[in-house]
Amino acid sequence: MENREFWFVVGSQFLYGPEVLEIVDKRAAEMTEALNASGNLPYKLVYKVTAKTNQEIADVVKEANYNDNCCGIITWCHTFSPSKMWINGFVNLQKPYCHLATQYNLEIPNEEIDMDFMNLNQAAHGDREHGFIAARLRMPRKVIAGYWKDESVQKRLGAWMRTAVGVAVSRKLKVMRFGDNMREVAVTEGDKVEVQAKLGWQVNTWAVGDLVKVMNAVTEEEIDALVAEYKANYDIATDNMEAIRYQAKEEIAMKKMMDAEGCKAFANTFQDLYGMEQLPGLASQHLMAQGYGYGGEGDWKVSAMTAIMKAMGENGNGASGFMEDYTYHLVPGQQYSLGAHMLEVCPSLAGNKPRIETHFLGIGMNEKDPARLVFEGKEGDAIVVSLIDMGGRLRLICQDIHCVKPIMPMPNLPVARVMWQAMPNLTTGVECWITAGGAHHTVLSYDVTAEQMKDWANIMGIEYVHIGKDTTVEGLEQQLFLNDLAWKLQ
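Okay, so the sequence shown: first residue is 1 according to UniProt numbering, each after it adds one.
Don't read these hints as lab results, they were simulated from the structure.
Every residue, glycine too, gets a C-beta built ideally from N, C-alpha and C.
Incorrect hints may appear among the rest.
Stated by the list, open to error - Okay, the calculated beta carbon distance ranges per label pair:
no.	residue 1	residue 2	range
1	Gln-271	Arg-171	26 to 34 Å
2	Ile-236	Lys-198	43 to 51 Å
3	Lys-198	Asp-239	46 to 54 Å
4	Leu-485	Pro-109	47 to 55 Å
5	Gly-475	Glu-221	57 to 65 Å
6	Tyr-147	Asp-381	24 to 32 Å
7	Val-46	Asp-150	19 to 27 Å
8	Gly-275	Asn-458	38 to 46 Å
9	Phe-14	Gln-478	47 to 55 Å
Stated by the list, open to error - DSS-like cross-link-like pairs, simulated, lysine-lysine; straight-line CA separation at most 27 Å:
no.	residue 1	residue 2
10	Lys-231	Lys-95
11	Lys-172	Lys-192
12	Lys-454	Lys-231
13	Lys-172	Lys-256
14	Lys-454	Lys-149
15	Lys-84	Lys-95
16	Lys-469	Lys-155
Model the full structure from these sequences, guided by the hints.
Right under this line is the structure:
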């Protein structure tokens, strides 16, 4: 994470003479230094060049494409930069692109303004020319307008940087599937070839028997060390230490296999536990807390999205986690969704210190009671996200929600759970979600915003559907109809 950076490329031309270019260069360096010092950018901004020719632009794009540390390019035109100069570079750009439409000075200086000032400070002129060519080339891009010293502008730029990091993670992501997906389930299926071509994910299967072999080689000393970590992070609310130690063995083995293959996400299913005593519960939860993505019932799509959205969050591992809608509270005036899963909800979503408990799990092939973390989700605004395969294209569905402290204690529900109000309201939100084809598995995130997911989908070239406070069923149906027509033409 420390090596990730973004390149600042400023547009100009030779028309205004060397003195103007020297000022532009000096100001670009000053702006870069100030933005880095602001504390609002999560990654380093690197000033690369004031580009004045087609070749300079093409060269910096080529360098960015092949530099693994560079996660995106941010451009700005201090002066007028003829847009034909940008064509050769832009048609080859493979990294996310943000157009920062700003200017060096905050206000127009009444006494100082003359033609020399106008020639130097004409970002309003230059950014429009620059913006045209990106529109003409139909480039996916983010446009952020405003004064570069404003905190709101800096924070929007920082949020876009996190989105671009999500793109970088996606394009190199490997997903390890332990067995296949749950039998007869439709939404966990999908075209892995299309996904690899479009999103970069490499999704492959490893036998559960291979995992069991690695588990059998885990030492007692390794288990002791991980159990000590559990005790430091969570409250132990069970006397069944054997179950906790078994979960530690599962976690160590899964992590060894994923790290050996360079995988950052995994999926399993309760229907395939060949040679295992427990479905990995605590093991999966603690791996998610470390930034690994997870999907239940073999759902590799939600597994990958969990890893990506975690990387887009605070400190590169934010409060995002695998989630499933379970049941509704439909009392008029008190309508809520209750999200949970059998065992596997990430503790990054917790509003209280998680407890390790062991309970009977009456589904799957568990020989013994699995250990799991039990907690209530924290309050706050959030989103739930679902990626589905529509056959010929991918659709990303994002819904705004507001998480609340559960309105009842539910003392006999021994799983982690989150309760929320769906936007625009529960019943309309459910109708919209089902109309759009949203899955029962989602990624719930307190850190990532709907705007960031829209930007991510735009960069990846996939369909985006947003359900928010102003969404209606009729409006969504019309949007989906038009989307179908548009995507069929591509």
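Pair hint Lys-454 and Lys-231, alpha-carbon separation not exceeding 27 Å: violated (39 Å)
Distance restraint between Lys-231 and Lys-95, which requires alpha-carbon spacing of 27 Å or less: This hinted pair is violated, its Cα atoms lying about 43 Å apart.
Pairwise hint evaluation, Lys-155 against Lys-469, where the allowed Cα distance is 27 Å at most: holds (23 Å)
Hinted pair Lys-172 and Lys-192, Cα distance within 27 Å: Status holds; Cα separation ~14 Å.
Gly-275 paired with Asn-458, Cβ distance criterion 38 to 46 Å: At 44 Å between Cβs, range holds.
Cβ distance range 47 to 55 Å for Leu-485 and Pro-109, holds or violated: holds (51 Å)
Whether the CB-CB distance between Ile-236 and Lys-198 falls inside 43 to 51 Å: Distance hint for Ile-236, Lys-198 holds at roughly 44 Å.
Cβ distance range 47 to 55 Å for Phe-14 and Gln-478, holds or violated: holds (50 Å)
Range hint 26 to 34 Å (beta carbons of Gln-271 and Arg-171) holds or violated: holds (31 Å)
Agreement of Lys-84 and Lys-95 with the hint, judged by alpha carbon distance not exceeding 27 Å: Judged against 27 Å, a Cα distance of about 20 Å means the pair holds.
Proposed proximity, Lys-149 with Lys-454 (alpha carbon, max 27 Å): Holds, at roughly 25 Å.
Range hint compliance [Cβ, Tyr-147 to Asp-381, 24 to 32 Å]: Holds, at about 27 Å.
Of the numbered hints listed earlier, those contradicted by the structure are 10 and 12.
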